[in-house]
Amino acid sequence: MDPLNDSKGRAAVAPSEPAPASGANDILLGLLFAAIGAFALYVGRNYVFGTTQRMGPGFLPRIVAGALFLLGITLMIRGMFARGWAPPAIVWRPIVLICLAVIVFSSTIDRLGLFVASLLTVGIGACAAQEIRWKELPFVALGLAVFCTILFGYALKISMPVWPQ
Amino acid sequence: MSDIVQSLALGFSVAASLSNLWYCFLGALIGTLIGVLPGIGPIATMAMLLPLTYYLQPTEALIMLAGIYYGAQYGGSTTAVLMRLPGESSSVVTCLDGYAMARKGRAGTALATAALASFFAGTVVTLLIAIASPALTELAQKFGPAEYFSLMALGLVAAVVFAQGSPLRAVGAIFLGLLLGLIGADVNTGFDRFTFDRPELRDGIGVVVVSMGLFGIAEIMLNLSNGPEGQGERTKLSRLWLTKEDFRAAWPATLRGTGLGALLGILPGGGAMLGSFASYAVEKRISSTPERFGEGAIEGVAGPEAANNAGAQSSFIPMLALGIPGNSVMAMMAGAMLIHGIAPSPNLASTQPQLFWGLIVSMWFGNLMLLVINLPLIGVWVKLLAAPYRMLFPAILLFCCIGIYTVNNSAFEVGLVALFGLLGVVLAKLDCPLAPLVLAFILGPMMEENLRRAMLLSRGDPAIFLSRPISLGLLIACALVVALLLMPNFRRAREAATEA
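Keeping their order, the protein sequence lines are chains A and B. Position in the first sequence (first residue = 1) + 10 = our numbering. Position in the second sequence (first residue = 1) + 837 = our numbering.
FYI, nobody ran anything at the bench for these hints, they're computed from the structure. Possibly wrong hints are sitting among the right ones.
[As the list claims (entries may be wrong)] Okay, the calculated beta carbon distance ranges per label pair:
#1 I160(A) <-> Q978(B): 49 to 59 Å
#2 T62(A) <-> W859(B): 29 to 39 Å
#3 I160(A) <-> K979(B): 46 to 56 Å
#4 I160(A) <-> A1224(B): 56 to 66 Å
#5 W144(A) <-> F1033(B): 37 to 47 Å
#6 E141(A) <-> A1180(B): 29 to 39 Å
Please read all numbers here as calculations on a predicted model, not as lab measurements. Just so it is clear, CB atoms sit at the ideal spot from N, CA and C, and this is done for glycine as well.
Could you put the whole structure together from the sequences, leaning on the hints where they help?
See the structure below:
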C-alpha cells in the first residue's frame, strides 16, 4: 500500500484497485443513480417547468433528475464493457442493526423519553458488534443511558422529554 | 495597513476576554476529546456538541464551535498517527508516514510535529484572513446573482476533479446531491417539491442530518463490517521533542504545506482535505529520497498537517467574506450563526465587527490552545484510545442520535439519519465519493436561487453569465479545471494522489 509510488509511464490502472471489481461497481452505482433519477422524474412529472426567464418549480428538478438518470445509464454501459463481475462484499448485520437502533431512537424519544430511548438504542446497536459480550452489554447500555440522561437532561437542561410521558 | 492592525486589535480585545478564552479552551479540549475517538470526524463532533453552544452569546458560541472544529481536526490526526485510523478524510495521508513513525517508536515526535506544523500554519493563515477579508468583502459588493452562480459552479467542478476515483462517479454524486438539495418548498412559489406530504420536509433536509448520516452513522457501519483487523494496532508513545535533523527536514515542508493548504482551502469545495493530499504529493515529488515516504518520513507528516490546518482555516474565507459555506463544516457554522440570529453575508464585517474580528483572532487562540492542550495531554489521549471499539461505538451512535434530535427537537430527522446512513454505506461500498455529494447538497439551493434571479434579470438570456467579467472569469476557470482533467499528465498525478 504505497499509493504514490512511481506513476511514470504506467498504465492508468491504479494498483490498489482490482480492475475487475469496478465493472460491477459501475453497473450497480449506475443502476442506483438511474433508478433515483427516474423516480424523481416520475414524482415531479407535474411540477411546472416554466421558461428560462421565469423558471417554474419544476425547471431544475427535471434537469437534474434527467441528468442523474442519463449519467446512471452511462455508468452502466461503462461497467458492461469492463471485465469481470465482482460486486463488493457487504456484511448486512451491522448495517441492519445500526439502522434499526437509530429508527428505534426516533420512534421512542418523543413518547418514552431520553432514558428509555437511550437504553433501547444502545441495546440494539451494541448487538451490531462482531462479537457480542452478553455480560457486558446491559452495563454499557445502562451506563450510557444514565450518563446521557444526567448530561443532556439535567446538566445541560436541553429541552427534550427525559421520562415516559 | 493600519486598518488591518486596528481590526486585529479589536479582534484581540474580543478574543482575549476571559469568557471567550475559556470557551475557546473548552471547545478545543472537548473537540479533541471527542475527535480523538476513532471514526468521528469534525462534522460528527460539531453536530454532537452543537447543543452545548445554544445558551451562549453568539460570539462565544461561534468561538467555541471553531475551537471544537480545530480540536476535532487535531484529534483525527492523533488517531491517524497512533492507530492508523484517520478520523476524517483530511488526516488520511497523515496515516501513511505518521503511523510508520509510530511503529518505529517515534509516535511522540510525529504528534509533536503535527501540533507544531498545525500551529505554524494556523498563525500564518489567521494573518492571511485578516489581510484578505476586507479586499474580498469589497469584491463581494460587485457580486450579483450571475457571479455567485459561477463561483459555486467552479466549486462543484473543482470537487469533481479533486474527488477520489472515477470523475464520472463524482459527477453522479454531484447530481444526486443537487437533487437532494431541491427537496422542500420552492423559495419563489412556495410549491412543495419531493416532500411526499411530510410537513417536516417542507424546509428541506438539514445539512447536519445529511452529513451525520453519510459520515457519522455510515462510518460506524463500515468500521463494524470491516472487522477487528480494520481497527488498527495501537502503538506505544515515545519522547515528544524533535531532534535538530527533524526540525531541518520538517520546517520547509511545513512552509510549503501552509501555502498549498491556504490556497486550496479558499476554493469552495476545498477545505482541509485537498491541501493535505496535494502537500503529500509535492513533498514526495521534490524529496531527494522519495523512498523514505511511507516508511516514516517526517516531511510526510509536517507538510500535510500544516496543509490541512491551513485549509481548515482558510475555508472560513468564502463564508465570512461571501456568505458561501464552502464545505459541510462551514455549512454547520453557518447554521449555528442562523440559530443565533446572524445571517452569514458579505456585510458581516461591517455590521458585526466585534463578532467578525473576534472569531478571526480566536482562530489563532484556538491553535495556541491546541498546542497547550495537546502536547501535555497526548498521554491521556493514548489512554482513551485503549478503550475497545465495541465499547465506544454504542456511545458514538447514541451521541449522534441525541445530537440530531436536539437540533430541531425532531424525531423525524433522526429517522432520516438512518436512511442517509444506509445511503452512505451503499455509496461507499460502490466507490462513490461522498464529499462532492454533500457540497452539491449545500450549494444546490443557493445555486438555484441565484440562477433564477440571474435569468430573471437577463430576461431569460443565458449570455448574462458570459457578459459580466467576474462571472466570465470564473467560468473560464471552470473550463480550465475541466481541461486539466483531460490532460494525461494531470490525470496520472491525480490518480496517484487521490489513491492514498
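The hints, checked one at a time:
1. I160(A) <-> Q978(B): 49 to 59 Å: Holds: the Cβ-Cβ distance is about 50 Å, inside 49 to 59 Å.
2. T62(A) <-> W859(B): 29 to 39 Å: 54 Å, violated
3. I160(A) <-> K979(B): 46 to 56 Å: 53 Å, holds
4. I160(A) <-> A1224(B): 56 to 66 Å: 20 Å, violated
5. W144(A) <-> F1033(B): 37 to 47 Å: 40 Å, holds
6. E141(A) <-> A1180(B): 29 to 39 Å: Hint violated: Cβ distance 50 Å, outside 29 to 39 Å.
The structure shown violates the earlier hints numbered 2, 4 and 6.
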